[in-house]
Amino acid sequence: MTDDDLDQRLRASILSEDVDTTRLAAAVRNQIYSRRYRGLRWVLAAAASISLAIAVSFAYRVFFVPPPVCVAAVQDHEREIVKGNPRPWLVDLSAIQSLGAKQGVPASVIAVLGTTGYRLERGRLCFLKKQIYLHLVYSKDGAEYSVYLRPLTGETPFQRSIREVSIGAEDSAYFQTNQLTAVFVASHSAGAAATFARAGAKVLQGLPS
Amino acid sequence: MPQLAALLRVARRLTPEPASAEDLVQETMLLAWRGFRGFQSGTNARAWLFRIMFNVFHGQGRRELRSPEFPSPDVRPMFQEAVEIAEALQALSLEQRTVLLLCVVEGFTCREAAGILDLPIGTVMSRLSRARRELRESLAPMAKEAYR
Chain A
1 MTDDDLDQRL
11 RASILSEDVD
21 TTRLAAAVRN
31 QIYSRRYRGL
41 RWVLAAAASI
51 SLAIAVSFAY
61 RVFFVPPPVC
71 VAAVQDHERE
81 IVKGNPRPWL
91 VDLSAIQSLG
101 AKQGVPASVI
111 AVLGTTGYRL
121 ERGRLCFLKK
131 QIYLHLVYSK
141 DGAEYSVYLR
151 PLTGETPFQR
161 SIREVSIGAE
171 DSAYFQTNQL
181 TAVFVASHSA
191 GAAATFARAG
201 AKVLQGLPS
Chain B
1 MPQLAALLRV
11 ARRLTPEPAS
21 AEDLVQETML
31 LAWRGFRGFQ
41 SGTNARAWLF
51 RIMFNVFHGQ
61 GRRELRSPEF
71 PSPDVRPMFQ
81 EAVEIAEALQ
91 ALSLEQRTVL
101 LLCVVEGFTC
111 REAAGILDLP
121 IGTVMSRLSR
131 ARRELRESLA
141 PMAKEAYR
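Sequence lines, in order, name chains A and B.
Each step along the first sequence adds one to the number in the working numbering, with nothing skipped, and position 31 is 31.
Each step along the second sequence adds one to the number in the working numbering, with nothing skipped, and position 26 is 26.
One should not assume that every hint holds.
Claimed, not checked - Okay, the calculated beta carbon distance ranges per label pair:
(1) Arg160/A <-> Arg37/B: 51 to 57 Å
(2) Arg35/A <-> Gln80/B: 41 to 47 Å
(3) Phe63/A <-> Gln40/B: 52 to 58 Å
Said to hold, decoys possible - So these bits of chain B aren't anywhere near chain A, every CB distance computed over 10 Å:
(4) Glu17
(5) Gln40
(6) Ala47
(7) Ala82
(8) Arg111
Worth flagging that the hints you see were computed from the coordinates, not collected in a lab.
Every residue, glycine too, gets a C-beta built ideally from N, C-alpha and C.
Start from the sequences, fold in the hints, and give me the full structure.
Following this line, the structure appears as structure tokens:
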């Protein structure tokens with residue numbers, strides 16, 4: 001028997017047998033699909049975890065971390081009003097309105113805030129978070145309140161409702177209109193800043209844009 | 001699914017049970033699917049699949065322990081030769097059987113078989129030669145009867 005005869009018989013014998021791969025092919029397909037979807041499940045789980053982490057972080061920042069401008073306003077109020085650092089203040093209404101107008105805060109804003117039952121005492125410019133604010137000091141029933149105003153220049157207001165933030169012993173409230181950002185700070189009783197802010201928001205939102 | 005039958009045909013002669021052969025081929029196909037990025041297009045996909053299968057087989061510690069089951073002695077005469085060839089093939093060492101299956105049955109060249117088995121080509125050629133000789137000796141009585 002030559003090599004060729006032997007090879008031919010061996011080949012013929014083995015290749016003639018019936019090889020049914022139906023079940024095997026189905027098993028392979030099942031394995032591939034299950035592994036593919038197992039990978040997809042991991043991806044989905046990871047995406048869900050990341051989304052949850054982002055949502056929690058966002059919620060924490062929105063609901064628990066005080067806005068930086070409120071923190072800066074409270075620190076400024078503490079320094080300038082509570083501790084009473086000696087600073088030059090303007091006390092004349094028209095001078096304050098003129099100063100505000102130069103910074104883009106309309107005189108009408110200062111005027112309508114005076115209709116809320118709070119009395120304007122003095123005003124000056126200050127920096128909060130590297131931005132210039134008009135700092136107005138109001139009084140009512142012997143207590144002093146700080147109001148910080150800055151015009152919105154090309155920004156979209158994102159805090160239309162009043163947000164109350166307590167930082168240490170100070171109480172602050174913060175909101176934005178189409179025209180400006182307003183931060184109210186009080187240190188004598190809880191909710192005092194928010195009360196003033198609500199009154200202020202009411203009159204400021206009635207102003208023409 | 002391409003090459004499944006060829007892989008299964010060889011796997012059945014490497015492993016002791018049909019289920020083990022199917023497991024071996026299944027694992028081979030899954031590894032091929034997972035490692036398909038590693039396959040270089042334009043190269044021999046068939047040889048690549050067989051190489052994966054032999055890697056899996058050797059990785060499993062060559063579970064070939066006993067021969068596959070064959071039909072009972074009262075098989076039909078036309079089936080008799082296939083049974084004897086299968087028995088003679090199974091009597092060979094695993095190394096010899098492997099090169100016979102790859103080079104003779106599956107039609108790989110000695111160089112391709114050497115690549116699949118990760119062996120020098122000279123080793124494949126000498127194993128092939130020895131395998132043919134031993135197979136011929138095992139089948140000699142049958143050949144005499146056939147030529148009588």
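Hints, verified against the model:
1. Arg160/A <-> Arg37/B: 51 to 57 Å: Cβ of Arg160/A to Cβ of Arg37/B: about 52 Å, so the range 51 to 57 Å holds.
2. Arg35/A <-> Gln80/B: 41 to 47 Å: holds (44 Å)
3. Phe63/A <-> Gln40/B: 52 to 58 Å: holds (56 Å)
4. Glu17: holds (14 Å)
5. Gln40: holds (22 Å)
6. Ala47: Consistent with the label, Ala47/B stays out of reach of chain A, its closest Cβ about 18 Å off (over 10 Å).
7. Ala82: violated (5 Å)
8. Arg111: The claim holds: Arg111/B sits with its nearest Cβ about 18 Å from chain A, beyond 10 Å.
In this structure, the one hint that does not hold is number 7.
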